[in-house]
Amino acid sequence: MIIKVKAFARFREAFGKEQDIELDGTATVMDLLTELCAPHDAHDMIFDESGMIKKYVNILVNGRHIQSLSGIKTELAGGDEVAIFPPVAGG
Amino acid sequence: MTRERYDRQIPLLGADGQERVRDASVFIAGAGGLGSPSAIYLAAAGIGRITIADFDTVDPSNLNRQILHWSDDVSRMKIDSAREKLEKINPDVEIDVISEKIDENNVSKLVGGSDLIVDAMDNFRARYLLNKAAIARNIPLFHGAVHGFVGQATTVIPGETACLRCIFPNNPPEGVFPIIGATCGVVASIQVTEVLKYITCTGTLATNRLLFWNGADTTMSEIPVERDPGCADCKGTGVTRYE
Ligand SMILES: [Zn+2]
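Line by line, the protein sequences give chains R and C. Once you know that position 53 of the first sequence is 256 in the numbering used here, the rest is easy, because the numbers rise by one and skip nothing. Once you know that position 89 of the second sequence is 267 in the numbering used here, the rest is easy, because the numbers rise by one and skip nothing.
Wrong hints could be hidden among the right ones.
[What the hints assert, rightly or not] No farther apart than 25 Å at their CA atoms in a straight line, the calculated lysine-lysine pairs in the BS3-like style are these:
{"#": "1", "chain 1": "C", "residue 1": "K310", "chain 2": "C", "residue 2": "K279"}
{"#": "2", "chain 1": "R", "residue 1": "K258", "chain 2": "C", "residue 2": "K413"}
{"#": "3", "chain 1": "R", "residue 1": "K258", "chain 2": "R", "residue 2": "K276"}
{"#": "4", "chain 1": "R", "residue 1": "K257", "chain 2": "R", "residue 2": "K220"}
{"#": "5", "chain 1": "C", "residue 1": "K310", "chain 2": "R", "residue 2": "K258"}
{"#": "6", "chain 1": "R", "residue 1": "K220", "chain 2": "R", "residue 2": "K207"}
{"#": "7", "chain 1": "R", "residue 1": "K276", "chain 2": "C", "residue 2": "K375"}
{"#": "8", "chain 1": "C", "residue 1": "K310", "chain 2": "C", "residue 2": "K375"}
{"#": "9", "chain 1": "R", "residue 1": "K207", "chain 2": "R", "residue 2": "K257"}
Hint data in this document are derived by calculation from the structure and do not stem from the laboratory.
Extracted from the complex, chain R is given alone in its bound form (with noise of 0.2 Å):
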C-alpha cells in the first residue's frame, strides 16, 4: 500500500516536502517511520536515546495526532496521509 508523507518546516531538509512510501501488508506509524529514517540521517529528528518517539514531534494521520490514535502502533491504510512537522512555538 501507499502511503503520502508530507513534512513541514525544517524537517523538510531531512524527508523532503512530500513522498510516497510503500508499505507491504499491515503496517503502523513505526513502520513508516523505520521506512522514513532507513534512507537519511532523520532518526534523531524523531527519537530519543531510547528509541522513543520525541513527544514534541507532530505526527497526524488523515488529520489526527496519532497520541489520540494509537501512538505509534496506529495502523495504515491504503492512501493515509501522513503530516509530520517540528514545534513551533513562538510568538
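Got chain R sorted already, so can you dock chain C with the ligand onto it with the hints?
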C-alpha cells in the same frame, strides 16, 4: 468614526461589517513579535476595543521583530509603549492594557470581556490556558506561532472545530529561538485577516486546517485537522459538528 479612514476596506467588509468591526473587542495575548503587527493592523482596521496583555519590558533584542516598540522604548513596559503607538495609529480605538502574566487563575477573567482572542504568546503553556478559557467562555481563538523562517496558524471555533489541544496534545520544549520579524508579520497578517473575516462573516475561515508558512522555500501549505473526541480540553463542550 471618520469614515474616510475605512474607505478602502468597506467595499470588502460592507458598511455594516465596518460597524461590526467598530463594535468588536479583541484580546491580544502578548505585545511581542506576533502581538505587535496584529495590534497595528487591528487598530488600523478600526476594531472598537483592543485589550493587550504583556507583563514584560522592552529589551534591545526584541527590536528586530516587535515593531510596536522602538529604540527609545527600551526598558519601558511593553504595554505602555504599545498603548502610545496604537492610540496614534487610530484614535477611534479604545486601548486597554493589562500588565499581568497570564496564568490559570486570571486567564478566564482577562479574556472574558472580549469577543475574540488573538494568540500572540511565545509558549504553549500559556496557549493551552488561552485554549481552555476560549472553550469555557465560547470565544473564538486565532492561533499563530513562529520559529525562524516558518510559522503556523489556525482558527478555533469552540464547540465546532479542532482546538489547539486536539492538534497539539503535547507541550513542546521552550527556549530562545531564532526569528526574523517578517515571519511574525506573515503569521500575524493571517491572524488579523481571520479576525476581520470572522467579525464580518466574510470568506472562509482557516478552521479545521493548520496553515504553514515556510519562508525558507517561500511556500504556504496546509493540512486538514480534526477534532479529537477524547481531547482533554474540548471534549463534550458546546455543539459538536462533524463533517
Ligand atoms: Zn480539542
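Comparing the hints with the structure gives:
Of the pairs offered as hints, the one joining K310 of chain C and K279 of chain C holds, with about 16 Å between alpha carbons and a cut-off of 25 Å not exceeded. For the proposed pair K258 of chain R and K413 of chain C, the alpha carbon gap of about 22 Å is at most 25 Å, so the pair holds. In summary, the hint linking K258 of chain R to K276 of chain R is supported, as the alpha carbons are separated by about 14 Å, within the 25 Å threshold. Distance check on the hinted pair: K257 of chain R and K220 of chain R sit about 21 Å apart at the alpha-carbon level, within 25 Å; holds.
About 21 Å separates the Cα atoms of K310 of chain C and K258 of chain R, which keeps this hinted pair within 25 Å; it holds. For the hint linking K220 of chain R to K207 of chain R, the alpha-carbon distance of about 11 Å falls within 25 Å, and the restraint holds. Annotation: proposed proximity of K276 of chain R to K375 of chain C is violated, straight-line Cα distance about 40 Å (limit 25 Å). Of the pairs offered as hints, the one joining K310 of chain C and K375 of chain C holds, with about 23 Å between alpha carbons and a cut-off of 25 Å not exceeded.
A hinted pair counts as satisfied when its Cα atoms are at most 25 Å apart, and K207 of chain R with K257 of chain R qualifies at roughly 21 Å.
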